[in-house]
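Protein chains: 2
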Amino acid sequence: MVSEAKTTTPHHVVIIGGGFGGLYAAQALRKAPVKVTLIDKRNFHLFQPLLYQVATGGLSAGDISSPLRAILSHQKNTQVLMGKVIGLDPNQKTVQLPDKEISYDSLIVATGVSHHYFGNDQWAKDAPGLKTIEDALDIRRRIYSAFEAAEKETDPEKRRAWLTFVLVGGGPTGVELAGAMAELAYDTLKNDFRDIDTSEARILLLEGMDRILPPYPPELSVKAQNSLERLGVTVQTKTLVTNIDNDIVTMRRGEQVEEINAKTVLWAAGMKASAMGKALAQATGVELDRAGRVIVQPDMSLAGHPDIFVIGDLANFSHQTGKPLPGVAPVAMQQGKYVSTLIQKRLKEETVADFHYQDYGNLAVIGRNAAVVDLGFVKFSGFPAWLAWIFIHIFFLIEFDNKLLVMIQWAWHYLTFKRGVRLITNLEEEPAGNFEERRDYRTPVQV
Amino acid sequence: MVSEAKTTTPHHVVIIGGGFGGLYAAQALRKAPVKVTLIDKRNFHLFQPLLYQVATGGLSAGDISSPLRAILSHQKNTQVLMGKVIGLDPNQKTVQLPDKEISYDSLIVATGVSHHYFGNDQWAKDAPGLKTIEDALDIRRRIYSAFEAAEKETDPEKRRAWLTFVLVGGGPTGVELAGAMAELAYDTLKNDFRDIDTSEARILLLEGMDRILPPYPPELSVKAQNSLERLGVTVQTKTLVTNIDNDIVTMRRGEQVEEINAKTVLWAAGMKASAMGKALAQATGVELDRAGRVIVQPDMSLAGHPDIFVIGDLANFSHQTGKPLPGVAPVAMQQGKYVSTLIQKRLKEETVADFHYQDYGNLAVIGRNAAVVDLGFVKFSGFPAWLAWIFIHIFFLIEFDNKLLVMIQWAWHYLTFKRGVRLITNLEEEPAGNFEERRDYRTPVQV
Chain L
1 MVSEAKTTTP HHVVIIGGGF GGLYAAQALR KAPVKVTLID KRNFHLFQPL
51 LYQVATGGLS AGDISSPLRA ILSHQKNTQV LMGKVIGLDP NQKTVQLPDK
101 EISYDSLIVA TGVSHHYFGN DQWAKDAPGL KTIEDALDIR RRIYSAFEAA
151 EKETDPEKRR AWLTFVLVGG GPTGVELAGA MAELAYDTLK NDFRDIDTSE
201 ARILLLEGMD RILPPYPPEL SVKAQNSLER LGVTVQTKTL VTNIDNDIVT
251 MRRGEQVEEI NAKTVLWAAG MKASAMGKAL AQATGVELDR AGRVIVQPDM
301 SLAGHPDIFV IGDLANFSHQ TGKPLPGVAP VAMQQGKYVS TLIQKRLKEE
351 TVADFHYQDY GNLAVIGRNA AVVDLGFVKF SGFPAWLAWI FIHIFFLIEF
401 DNKLLVMIQW AWHYLTFKRG VRLITNLEEE PAGNFEERRD YRTPVQV
Chain F
1 MVSEAKTTTP HHVVIIGGGF GGLYAAQALR KAPVKVTLID KRNFHLFQPL
51 LYQVATGGLS AGDISSPLRA ILSHQKNTQV LMGKVIGLDP NQKTVQLPDK
101 EISYDSLIVA TGVSHHYFGN DQWAKDAPGL KTIEDALDIR RRIYSAFEAA
151 EKETDPEKRR AWLTFVLVGG GPTGVELAGA MAELAYDTLK NDFRDIDTSE
201 ARILLLEGMD RILPPYPPEL SVKAQNSLER LGVTVQTKTL VTNIDNDIVT
251 MRRGEQVEEI NAKTVLWAAG MKASAMGKAL AQATGVELDR AGRVIVQPDM
301 SLAGHPDIFV IGDLANFSHQ TGKPLPGVAP VAMQQGKYVS TLIQKRLKEE
351 TVADFHYQDY GNLAVIGRNA AVVDLGFVKF SGFPAWLAWI FIHIFFLIEF
401 DNKLLVMIQW AWHYLTFKRG VRLITNLEEE PAGNFEERRD YRTPVQV
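Chains L and F are the protein sequences, given in the same order.
Quick note: the first sequence uses the UniProt record's numbering, first residue 1, plus one each step.
Quick note: the second sequence uses the UniProt record's numbering, first residue 1, plus one each step.
Calculated from the structure, these hints are not laboratory results.
Please note that the accuracy of each hint is not assured.
Identical copies go unnamed one by one, so any copy, or any two together, can satisfy a pair.
With a Cα cut of at most 25 Å, we get these calculated BS3-like pairs of lysine-lysine [to be verified]: (1) K272 x K76; (2) K152 x K100; (3) K152 x K76; (4) K238 x K93; (5) K152 x K379; (6) K84 x K272; (7) K100 x K125; (8) K84 x K158; (9) K403 x K348; (10) K31 x K190; (11) K152 x K403; (12) K76 x K323; (13) K348 x K100.
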């Protein structure tokens, strides 16, 4: 099937995307007789499951990022290229970057998804989502700026709007953000202001379905909701957001329509495939699902293009359960390893069985001492679940120094309730420069 | 002199600026019978002496920043306000913020300095300086992007320009940046690229005077230069930069004029006072020096305005040695404490002696195992100086969690030569958003 194995030029595997799928595929090829090129727009791997901690000031961006070059530094068959893929040609077997064209023998596409506003892209500016480091820093700036503005605001109604935080979407990201924000408002910041009482902050978590964490077993959804309510979060299920404009969130629950005045709205609902999905469809004729994800074969390849694989969140793999596998890190990691095995077997002219996802369970953290864990054979919640959650998340951080720093910061937060990384940076009005160094500096009034 | 002490309203001390001067003044007033308002444009105190570590990827912004509210959380007589002062009226004794006016009884101005291009402000875009967190992240982006661009560049001359780094100014910041960049290029990154050899990078440190670290004793300047050269830095003294344009740095050494092609130029020369200096001059008639710093009285107050004090880098205090005290953290900290003592004494109608700076010495780090320390009675360099430098810098970090994290990261870098915080964020072309999620996505070529 693949002939390059017999020539002197090694088989060239090109991987697009350095997330869980792409990085694990690259690492699994470290001893294979192939040449690997990993292309990513960014120069780092991001540990997305902890991004909500950056957004709420618990961790620094650097704590959950690892330089791709450092991870793969000693993997001599692998080159990292920072760049964006702007085209591909499945017949010539090439991908195009702005300044060069790269030939591949096998192509692995793992470019993931971004948020989706269900046709309401104008909501993006008022209700940012959480996918990138820049998103997290933007959300951190919004959250902490809202408390600062409330402290200065004298009009009670406006102050209330500054202290109202709406989270749209009750999946793991929404739940984790809500829990972290409740801790922030009701514990961390409680002594830090003089003119406002941060315990008056309202944190609303809105979910369209009849329960939060819909992919989890119902009893865990109930436990999660109870835990959030104990922390002070208002959970509203069966609630659809119908508009977000000018700090007003309009929502509908059955027949009831309500408007709420909130200066901070965060989006944790809906996602759509990255543009690479559409490009693949145009180039290969492969079918996309409604979210733009690529419908893959049982071996993660594309129909009619056995040398192109799509893995991770961008892939719609429905062969196992009849519905797409969830967009979570373990799926992407297993698919990355699977495809790298498949490529190596092919080079030896061996075959492999179809991809099979080994589901070790779901987990979501709710706040201090509270999480929910579903391992299939056992479900548990509360403090043991929280410890399990922390252990697993630290374990899967790529580099040892990240593990160490995150562990210490967690222990420190646990003991002190502090969140140290509360920097408001990149202010929109004044992106950089020194204090007061402004052109509009008003000449002092002289009598 | 001050009558408020006898009334029921407490004496109100307004401090502008939460750097070393302002923060230490506020903290020294914690038990005083006064009300304190600390105003800063930012919500955090920045430990500027370690900013070069953020700029070179050794530390995260959060590691060297402490939220002002958290530091002063339990200091009940003190309120923190995030905002910019846009005017002041010394007769009415008020300062203006965009949304409110604040009356003071005593005013402490500690707004520091920013960089200065000696009338060549157009150089700023090509040669950024290092004063703020945003500056540091911008410089980090430039440094790591240069190596990425070099890896992709095939033209040898352009590649050489990407691998040429010019640092203008041989003071402590320039020296510390040069040392860190040499470690980066010649150790940290040496296995990370495939098409370039990072040991070919050139790091040039340019200084106009006849030696680097001009305020230090000459023998330490020599040691510092030797250490830098051992690390691979090219040090050029008596060299003036006459132009920076389009990646070309023009410099003059005596009669000799040279041009060098460098994609990364960093500015560590010259500084000027923040705009607050000029505003004070207009409002009070106080004299400024050539750099815009405020010439203060022997008690740090302004001539004719005993209730207004200027401290830290913004102050020109020449009463002790005949020339201005250097713009370093210890001066600002001692001045902050001095003014807070003076205000408290005044309230008791006592007097205090003039300000006197207790100089404990100078120190600058050059790189791994190398620093120079001048304690007046003893000068030393090399590994003991490096340990002293690290110890002192960690000791003066405000919060315990910063101390702990910085210590661990330093130990980790020392053992592994790693720099973990190498994120290239806020790319100019594409500030946020997902990989490949671009409008100019080229439709694949179909045959």
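**Prompt:** With identical chains treated as interchangeable, where does the CA-CA distance between K152 and K403 reach 25 Å or less: within a copy, between copies, both, or neither?
**Reply:** Answer is neither: 39 Å inside a copy and 32 Å across each miss the 25 Å cutoff.
**Request:** Can you give me the call for K84 and K158, within, between, both or neither, at a CA distance of at most 25 Å?
**Result:** between (43 Å within a copy, 21 Å between copies)
**Asked** Using 25 Å as the alpha-carbon threshold, which applies to K403 and K348: within, between, both, or neither?
**Response** neither (37 Å within a copy, 54 Å between copies)
**Item:** Intra- versus inter-subunit Cα pairing at 25 Å for K31 with K190
**Value:** between (53 Å within a copy, 22 Å between copies)
**Asked** How would you label the pair K348, K100 (within, between, both, or neither) given a Cα cut-off of 25 Å?
**Response** neither (31 Å within a copy, 75 Å between copies)
**Request:** Can you give me the call for K100 and K125, within, between, both or neither, at a CA distance of at most 25 Å?
**Result:** Close neither inside one copy (34 Å) nor across copies (28 Å); limit 25 Å.
**Message:** Within, between, both or neither: how does the pair K152, K76 come out at a Cα-Cα threshold of 25 Å?
**Reply:** between (56 Å within a copy, 18 Å between copies)
**Request:** Please work out whether the CA atoms of K76 and K323 approach to 25 Å or closer within one copy, between two copies, in both situations, or in neither?
**Result:** For K76 and K323, the Cα distance exceeds 25 Å both inside one copy (39 Å) and across copies (58 Å).
**Asked** 25 Å Cα cut-off: does K152 pair with K379 within a copy, between copies, both or neither?
**Response** Close neither inside one copy (46 Å) nor across copies (50 Å); limit 25 Å.
**Asked** Taking 25 Å as the upper bound on the Cα-Cα distance, should K238 and K93 be classified as within, between, both, or neither?
**Response** neither (48 Å within a copy, 56 Å between copies)
**Message:** Please sort K152 with K100 into within, between, both or neither, judging by C-alpha distance up to 25 Å.
**Reply:** between (53 Å within a copy, 9 Å between copies)
**Message:** Treating 25 Å as the Cα threshold, decide for K84 and K272: within, between, both or neither.
**Reply:** Only inside one copy: K84 and K272 sit 19 Å apart there, 41 Å across copies, limit 25 Å.
Of the numbered hints listed earlier, those contradicted by the structure are 1, 4, 5, 7, 9, 11, 12 and 13.
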